[in-house]
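Since the structure of chain R is provided, determine the placement of chain Z on it from the hints.
Residue numbers (this note's numbering), protein chains in the order written: chain R, 1 to 624; chain Z, 1 to 624.
To be clear, the hints were calculated from the coordinates, so they are not data collected in a lab.
The C-beta atom is built at its ideal place from N, Cα and C for all residues, glycine as well.
Possibly wrong hints are sitting among the right ones.
[Stated by the list, open to error] Only pairs whose alpha carbons sit at most 20 Å apart, straight line, appear in this in silico PhoX-like list of lysine-lysine:
no.	chain 1	residue 1	chain 2	residue 2
1	R	601	Z	601
2	R	479	R	568
3	Z	479	R	479
4	R	607	R	568
5	R	549	R	489
6	Z	566	Z	601
7	R	566	R	479
8	Z	568	Z	479
9	Z	479	Z	566
10	R	541	Z	479
11	R	541	R	530
12	Z	541	R	479
[As the list claims (entries may be wrong)] Just so you have them, the derived chain R footprint on chain Z, three or more residues with Cβ under 8 Å:
no.	stretch
13	452 to 461
14	484 to 495
15	523 to 533
16	607 to 614
[Stated by the list, open to error] Here chain R is said to cover these stretches of chain Z; the calculated rule only asks that three of the stretch's residues, wherever they fall, bring their Cβ under 8 Å from a Cβ of chain R:
no.	stretch
17	502 to 513
18	574 to 588
2 protein chains.
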Amino acid sequence: MQILDLLFGKPLASGEERAEQIGPAAGIPIFGLDALSSAAYGPEAALTLMIPLGLQGLHLIVPITAAILILLIILYFSYRQTIEAYPHGGGSYTVATENLGNGPGLLAAAALMIDYVLTAAVGISAGVGALISAAPKLQPHTLALCLAILLILTLVNLRGVRDTGVAFLIPTYLFVGTLLTVIIVGLVRVFASGGHPHPIATPPALPPATAILTTWLVLKVFSSGCTAMTGVEAVSNGVMAFRDPTTKNARRTLTIIIALLIALLAGIALLCRAYGIGATDPNGSGYQSVLSQLIAAVMGRGWFYYVTIASILLVLALSANTAFADFPRLTRAISLHDYLPHVFTLRGRRLLYSHGIYALVGLTGALLILFGGVTDRLIPLYAIGAFMAFTFSQLGMVVHWWRKRGPGWQRRMVVNGIGAFATGITTLVVLTAKFLDGAWVTALLIPLLILGMVATRRHYRRVARELADPDPLNVDNLKPPLVIIPLDKWSRITEKALRFALSLSSDIIAVHVETADDHGTSVCDEWESKIAAPLRAAGMKVPELVTLKSPYRFVLAPVMDFVLEKEKTLERRQIAVLVPELVVRHWWENLLHNQRANVLKLMLLLKGNQRIMVINIPWYLQRG
Amino acid sequence: MQILDLLFGKPLASGEERAEQIGPAAGIPIFGLDALSSAAYGPEAALTLMIPLGLQGLHLIVPITAAILILLIILYFSYRQTIEAYPHGGGSYTVATENLGNGPGLLAAAALMIDYVLTAAVGISAGVGALISAAPKLQPHTLALCLAILLILTLVNLRGVRDTGVAFLIPTYLFVGTLLTVIIVGLVRVFASGGHPHPIATPPALPPATAILTTWLVLKVFSSGCTAMTGVEAVSNGVMAFRDPTTKNARRTLTIIIALLIALLAGIALLCRAYGIGATDPNGSGYQSVLSQLIAAVMGRGWFYYVTIASILLVLALSANTAFADFPRLTRAISLHDYLPHVFTLRGRRLLYSHGIYALVGLTGALLILFGGVTDRLIPLYAIGAFMAFTFSQLGMVVHWWRKRGPGWQRRMVVNGIGAFATGITTLVVLTAKFLDGAWVTALLIPLLILGMVATRRHYRRVARELADPDPLNVDNLKPPLVIIPLDKWSRITEKALRFALSLSSDIIAVHVETADDHGTSVCDEWESKIAAPLRAAGMKVPELVTLKSPYRFVLAPVMDFVLEKEKTLERRQIAVLVPELVVRHWWENLLHNQRANVLKLMLLLKGNQRIMVINIPWYLQRG
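Excised from the complex, chain R in its bound form (with noise of 0.2 Å):
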């Protein structure tokens, strides 16, 4: 217990729990880590897939960043609304479930659910990338590093998230500062330099273009590109963290969230035309990510590169943590209407869903290891799972506000339907564009998982069916039931054995299975004179002692076909079958005894029935 002290913390009472209650300032690190530090991929993936257009991609990157940003302001609006209507956390499951009923929610799980795994690969790995454009050295460990970050997250979430408030702020706050700095700092010296600025450090030439702009590489960048906006729902499923006014609050969070958000990817679009910067291959050996180029191409690579490297790498591996926090209590919400296992609701040492953790790592670490831990692989599989949970949610607060039709909810249907009809084409946008390259991994997935959830939740019913009892105790015909003990050989183990027989009923079979491999005596010979003299002598009913041949030498499979020989025709009656074992101190003194006590206890609970019982008892071999 003491090595899990270490490792995770102590154990956490029920009654320690405390609410937290924040602000917007601290509501910005923990709920817009993710939106934010999108930032630093979105445009990096939609640039990768213009590197065949060569310099003609540069010109494209702001009109399409333009698309990106609009359906941004729709979605805010949106999200405004939801936060207003669902005060205590309104997650996609929670609103389409609710408005849209139980297979549009299931949709909406299966797809956040992925959207988390992924969530937590594509954070780990991009920051990963950032780490490997500042250190180029790094790359054959790409994978590794990948792992090891996962393992940091696993062992810091597994102590709790209670007190990792400050270690949230420090790398947002230092990440929205300097990528501002950068972005202001550019955009100065592209004004004044009339639009031509000198870079410090020149970015690498991009490449001739080997391909020509046609409607579907376009739709191809939009798609890749609006994996930027991701993290957006955060803030509505969280809302009741804030402290009062709660609503507003929350909605002030959203908007800084967002504004910044804008502010990044368009700063980014303007200066990479700019200062001609587009991505490098990242299988590549000369890989340097987009915003590597982007700092050192306006501040040089002094210590401002190094910090802001850094904060990049930080603020990523954190915004995997996201996954963290939210995956295990969406689990244990479908976990609670029977979806998932059951264990999803169960809190661990740590007052954590544990399994919850146990899943997204698992899930996280195999997908890392199938995608090598490349950012450009995982991204295709992404943002589909999102927008379909976009879509679903927005669609639900449509409902939402026809039912309940409170005031000016015609303009809210509207708004919230605008946000459904945005999300939903960019959905089928997405998956169209990205099917061939991995969207058809999450296409496929995500049927898969709600076939999984209903099969689950069917379980669960007809086991609540069949063990629900709505009569009290029966007490009827409580006859003692009907003993048979295996014998071999008269020993202690064997008195013992025969001694809790007799405490328990007078109706006891002893069994002894003869096979010509024997040698020595067995219980029979000694029955007589060690059983069943001293019982006559008390008085009491002398066990009945069955002797088995077995030709083929099986020993347990004849004492097996007994049993169930008795429980077939004594009907309503229970059998109690006492399986005696010897309990060694040490495990490999197990090797020098044969496993029949546990291969027998197996095969019954394997072949048994409701009426056969098993009664282990154990010998414990003193020490020494």
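Chain Z only, in chain R's frame:
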């Protein structure tokens, strides 16, 4: 079961065993295989060490072979006497234990066990070596081929060797026949050409000498060549299998085997010198075995070459089979003296001591993998075990004659005494010469094995003492146990468990663990209506209900603490803990239910003691 029947044959009843009764014609293949086949790797092992000597090595092979043959003849006379003295089978373990005591017996046992494992490994690897000489393309697959042959041998042996007589007969006589033909034809050609025959297929030229001849090297070559003697003991081991007159038949068989072996070894040595054939580097790409070169030189690479090579491969693989036949008998004999786990005394479905086969296969496989399936690397470990066993066996015979003092006892003592002296000296020579090359592994394993065997016997003796029960059944104080049932909520499982408890005893304590995270009704809420009221109505004692608070949300630890506490306060009282358990229909359904019942059973077994029994109440979920 059907797959098992197909792979291993249907189970055999104990009565189906039939005693084999063989004469010399069948005895030579069965008991001589190991000895005769060593002609295929013994000279090879000696010549390999002489590679650095170049041409000079060739002159050395004849005198060294002569020394080996003298030793062989000494052994022959020694073992003739063992056969006479032990008509029921005189293996080294038996002879050493009976005449010298347990200590030397264990030394012989350990040496023999290691020797058998090496017989299997060397036989297989040498067979594959012969195959590779004929088809050099297979060299990269050496290890895979070795393991494949091991697998085939395992399957054949697990079916039993009852009808393998013919399988042994043909390849053995083919091997002896073809090889003797090669030797006779070769010697005639040597004689006809005046000592300088012209090879039909020229063997690879001998490399230039890179080392000079030292006594040390001679000792090493002699030690390696001694591996050709390892199979000599087999006949004396299996005297019982011969038909009347048993001793005479066995001795005649031994005579023929030794005579053949002498002819083969002497012939090979003479021809190698005459044709200028040396060993080639077994790790190099141009590897060709000595016998392959020899056959090709004398007979050319026609059909005769391939028939001979095939018979060598077969005989070597079958010689590994000697280990499969003898190792399980040896482990059984040791296990009957409590020095090895008792499973080695159990006969499996095909009347074999299957666990001995499993152990042999496991160890041989490990050895082959460790040494990459190369015979040359295994040889240094070999021979020591065999010669150690020889020495103890002969020493035992010396004591045997001394004790008996029958007619001619002095002469017999001298013969076995010379045998013991010669093999003892050889053991020391082999150990010294091969120590750094790998003999240290054997030298280390033998004491470790002995330590293990002694510890095993000590354990068995201790357990037997502890379990021995001289008194008849004690019928005092047969009070029903105190029954403790952990309960969660009212359900059919709860009802079943309670009913079983009521049928066993009137002293029942129901335990409910309450954590802060519980939701819904617990068994406490329904205690009065569902349980207490009907029992009171029936005039029965109502169980005690104990609620355990669990602030840290642990469920099983409080139950364990309660049980142990009760056990401590109630002296001499038996305690039965009822563990209700849900048994699902499909394994994957286990994921949906917590495994608390299994964990509790395990905790009770590990932390419990003599007075705590576990009663498992299974509830089988219905289908559909």
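Per-stretch coverage check for the stretch 607 to 614 of chain Z, three Cβ contacts closer than 8 Å to chain R: holds (count 6)
Given pair status - residue 479 (chain Z), residue 541 (chain R), alpha carbons within 20 Å: holds, 15 Å
Given pair status - residue 479 (chain R), residue 566 (chain R), alpha carbons within 20 Å: holds, 16 Å
Proposed proximity, residue 479 (chain Z) with residue 568 (chain Z) (alpha carbon, max 20 Å): Roughly 18 Å separates the two Cα atoms, so the pair holds.
Cβ contact check, 8 Å cutoff: the stretch 502 to 513 of chain Z against chain R, three residues minimum: holds (count 4)
Proposed proximity, residue 568 (chain R) with residue 479 (chain R) (alpha carbon, max 20 Å): Holds - the C-alpha atoms of residue 568 (chain R) and residue 479 (chain R) are around 18 Å apart, at most 20 Å.
Claimed coverage, the stretch 484 to 495 of chain Z by chain R - three or more beta carbons nearer than 8 Å: holds (count 6)
Proposed proximity, residue 530 (chain R) with residue 541 (chain R) (alpha carbon, max 20 Å): Distance of about 15 Å is within 20 Å: holds.
Annotated coverage of the stretch 452 to 461 of chain Z by chain R, confirmed only when three residues or more have a Cβ within 8 Å: holds (count 3)
Given coverage of the stretch 523 to 533 of chain Z by chain R, tested with a Cβ cutoff of 8 Å and a minimum of 3 residues: holds (count 4)
20 Å limit on alpha-carbon distance, applied to hinted pair residue 601 (chain R) and residue 601 (chain Z): Distance of about 12 Å is within 20 Å: holds.
Given pair status - residue 479 (chain R), residue 541 (chain Z), alpha carbons within 20 Å: holds, 15 Å
Consistency note: the structure conflicts with none of the earlier hints.
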